[in-house]
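Q: Next come the chains, spelled out residue by residue.
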Amino acid sequence: MNLNNQDDFNLAYLGQFDDKITNLLIDLSSNQASNLQSGKSNRKISFLIAECFQNVIRHSDNLEKIENNDFFLLKKAGNVFYIFSINLIKKEKVQKIENAISTINELDKDELKKMYLKELENSEISDKGGAGLGLIEIARKTNNKLIFDFTESESGDYLFHFLTTLNLSNEDEESTSNELIFNFKKIYSKMLAKNTLFFYKGDFKQNTILPILSIVEANYLPSNFSKSNSKKMYLVAIEALQNISRHSLEKENKKEGTFTIKEHDNNLVIEFSNLVSGSIKPELENEFNYLISLDEESLGDLYKKRLKTILPSNQISSKVGLIEIIKNAGKNNIKFDFKSSENEDNNFIYNLAVSFSMN
Amino acid sequence: MKIEATEETPEFLINESESKISLKGRAFPENAISFFNPIFKSTYSFIEKSTSVVRFEIDLEYFNSASTKQLINLISSLETFHQNGKNILIVWKYDKGDDLIKAKGQEFSTFFDLPFKVEAI
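Taken in sequence, the protein lines are chains H and E. Position in the first sequence counted from 1, then plus 1, gives you our numbering. Position in the second sequence counted from 1, then plus 4, gives you our numbering.
Mixed in with the good hints there might be a few duds.
Below, computed lysine-lysine pairings styled on BS3-like, alpha-carbon distance capped at 27 Å [claimed, not checked]:
{"#": "1", "chain 1": "H", "residue 1": "Lys305", "chain 2": "E", "residue 2": "Lys45"}
{"#": "2", "chain 1": "H", "residue 1": "Lys306", "chain 2": "E", "residue 2": "Lys6"}
{"#": "3", "chain 1": "E", "residue 1": "Lys45", "chain 2": "H", "residue 2": "Lys309"}
{"#": "4", "chain 1": "H", "residue 1": "Lys228", "chain 2": "E", "residue 2": "Lys100"}
{"#": "5", "chain 1": "E", "residue 1": "Lys53", "chain 2": "H", "residue 2": "Lys306"}
{"#": "6", "chain 1": "H", "residue 1": "Lys305", "chain 2": "E", "residue 2": "Lys106"}
Hints were generated in silico from the structure; no laboratory data involved.
Using the sequences and the accompanying hints, generate a full structural model.
A: In structure tokens form, the structure reads like this:
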């Protein structure tokens with residue numbers, strides 16, 4: 002997944018789902034859905050997202066505390082929203098879930114409504130509170146078949162893959178359910194292989210940045226870092242995310258970028274990328290190379306000079322953001338590069354990766 | 005005068021009876037200039053009228069570079085007031101153990117020529 006793909010929006014999370022992270026992911030997903038859609042379909046998407054989270058949380062069996070197996074992905078491409086989840090379940094549950102979904106998939110709209118009402122009346126509440134109502138509601142709201150499959154894990158338990166699609170236009174989808182689920186599983190495997198814990202691609206408005214920062218703060222800082230290091234990482238995240246929002250090339254009223262968190266060699270690496278115009282590439286490259294070439298003292302002097310310079314009112318950027326990132330992360334922990342964009346002749350993808358040691 | 009804190013902006017408070025101005029919380033608004041503008045105005049008009057020592061407390065947990073720039077502009081103006089005879093004390097607060105915010109305060113204190121204390125809470 003990168004900026005070159007044609008999706009309007011991607012959000013992927015790999016890890017544990019406690020109440021806090023679940024709520025933050027629901028906030029961010031719903032925020033994005035409302036940035037992309039309005040009115041009735043937006044409410045529908047928010048409902049489906051919440052329902053899907055309930056599905057992951059309520060039916061995941063915390064088997065021997067195997068870490069990082071649960072997965073959530075939200076994607077919008079063209080007129081279709083996809084919500085994909087993976088969770089680990091016990092072998093005994095496979096048949097029950099399979100039967101429930103197969104039954105739902107055989108029913109038409111009216112039959113689903115009848116089943117829903119019947120379930121409401123005599124719902125057999127399981128110990129985790131689910132009664133299949135959620136699955137029926139997903140099928141009713143999407144007007145689509147529920148797509149799922151199971152794979153056996155090494156431990157003998159099962160990974161339950163579940164895909165919800167919501168087509169906002171009346172056109173038929175081109176991909177078959179097998180193709181779809183195969184592609185989503187591929188993304189999961191790739192993230193697992195690369196130790197990618199969080200991925201976001203989309204528009205960077207302040208209302209997106211804030212929930213992303215809350216996710217960083219709640220989920221990645223406390224367990225991994227000392228107070229000082231976690232503050233540094235948070236400050237770098239603020240700076241780099243707002244940088245995308247301010248300086249990314251605007252296309253169709255959107256300032257698009259990606260934000261990734263991964264683990265690598267006992268470091269937590271945060272990566273940012275966004276599209277920049279070919280005309281500002283030399284300036285940005287020179288500035289970065291210059292700042293990196295400075296020793297700590299000279300960088301501090303430049304920081305002071307730029308902070309104390311009174312800017313003309315039409316100049317917003319004081320050029321201290323990048324210095325702030327370098328000061329907080331340490332210049333040896335930062336990498337940046339430019340890649341030419343596959344879709345745009347004169348533009349570049351600016352990529353910044355910052356590592357923080359988890360020791 | 006009070007501006008309530010939000011998820012991305014700090015609380016701003018002028019306590020006239022104690023001759024104290026304070027900024028407390030997080031500062032990473034999308035538009036730092038428009039957030040700080042009313043703060044500049046209220047601070048300057050309070051100091052102009054004031055006859056005793058004005059204590060300006062900065063207790064920020066997180067701030068972005070755009071807010072840092074505004075903060076430095078604000079302290080620069082306070083420095084001018086100080087040079088013109090007003091009694092001003094900047095108190096930079098940090099949580100005990102928060103070395104980063106402490107270091108920021110120590111660094112900023114070297115930028116100015118006015119009373120500037122860095123104080124653990």
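Q: Is the hinted pair Lys305/H and Lys45/E satisfied, with a Cα-Cα distance of at most 27 Å?
A: holds (24 Å)
Q: Below or equal to 27 Å on CA atoms is what counts here, so check Lys306/H against Lys6/E.
A: Violated, at about 32 Å.
Q: So if I understand the rule, the pair passes when the alpha-carbon distance is 27 Å or less; does Lys305/H with Lys106/E pass?
A: With a Cα-Cα distance of about 17 Å, the restraint between Lys305/H and Lys106/E holds, given a limit of 27 Å.
Q: So if I understand the rule, the pair passes when the alpha-carbon distance is 27 Å or less; does Lys53/E with Lys306/H pass?
A: Given that 27 Å is the threshold and the Cα spacing comes to 31 Å, the pair is violated.
Q: Straight-line Cα separation of Lys45/E and Lys309/H no greater than 27 Å?
A: holds (19 Å)
Q: Next pair to validate is Lys228/H with Lys100/E; report whether the Cα-Cα distance is within 27 Å.
A: holds (11 Å)
Violated hints for the displayed structure, listed by number in ascending order: 2, 5.
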